[in-house]
Amino acid sequence: MQPVMNPKYPGLSVRVADDGFAAYIWGSDFSFEVAAYGAAEIGKPVAQWGVTPIVPYRKCYGIDPEEFSSFRDAADSAIFMAYLEDQPVGHLVISTNWNGFAHIDELAVHAPARRHGVAKALLDVAQFWSRKKKLPGIMLETQNNNLGACRLYERCGYVIGGIDHLRYRGIDPNTAEVALFWYRLFDNPLENPISSPASPRLVP
1 MQPVMNPKYP GLSVRVADDG FAAYIWGSDF SFEVAAYGAA EIGKPVAQWG
51 VTPIVPYRKC YGIDPEEFSS FRDAADSAIF MAYLEDQPVG HLVISTNWNG
101 FAHIDELAVH APARRHGVAK ALLDVAQFWS RKKKLPGIML ETQNNNLGAC
151 RLYERCGYVI GGIDHLRYRG IDPNTAEVAL FWYRLFDNPL ENPISSPASP
201 RLVP
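According to UniProt numbering, the sequence shown holds residues 1 to 204 in order.
Rather than coming from a laboratory, the hints here were simulated on the basis of the structure. Please note: incorrect hints may appear among the correct ones.
Claimed, not checked - Distance windows between CB atoms, simulated:
id, residue 1, residue 2, range
1, Ile42, Asp187, 17 to 25 Å
2, Ile42, Asp18, 35 to 43 Å
3, Gly161, Glu106, 18 to 26 Å
4, Asp164, Thr52, 17 to 25 Å
Stated by the list, open to error - Okay, derived cross-link-like pairs now, BS3-like style, lysine-lysine, Cα gap no bigger than 27 Å in a straight line:
id, residue 1, residue 2
5, Lys120, Lys133
6, Lys44, Lys120
7, Lys120, Lys132
8, Lys44, Lys59
9, Lys59, Lys132
10, Lys120, Lys134
C-beta atoms are modelled at their ideal positions from N, C-alpha and C, and glycine is treated no differently.
Turn these sequences into a full structure, and let the hints steer you where they fit.
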């Protein structure tokens, strides 16, 4: 796959992950601040969720670059890296799930590079990859304490298909963290192709 450029952010591109993936992971900060928990409801916009403010804390997912090593150069999975001015700042791990949907196994952006369209560009590549494989849609999971991610997925056309209040109870019986399963359904495989003016474009 050729690099994908975003016309809104000329210095932003997405490429298939290379041998620098591990070094990029170890050198990046994927943490984010949690300041509230949202009471998600299926069919209700994020802006209308009840919100419980908390004392802010920093959350960081432990990302292991070797965990998805077999996903590179595979028929039903891929790893992409996002670059700003040729510096790696984000990544996407995507695969074909057992239920036929594309599954975003991981999407993360280096903290200083956020609000530059990186996550949106990676989601656009996920859509391109999924449509190219003629899959019916994309699914992913996030949590009710990552409200920024929830707003992004909603803006990108994802809807909540499931809410799991027990998923993280084995880790912490008292957790308020809830798993939210988001879906981007493709009604028409040709809808909003990646080459449309509103989307990133493939460059030679």
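Any hints this thing doesn't respect? Which numbers, in order? The structure conflicts with hint 9 only, although it agrees with all the remaining ones.
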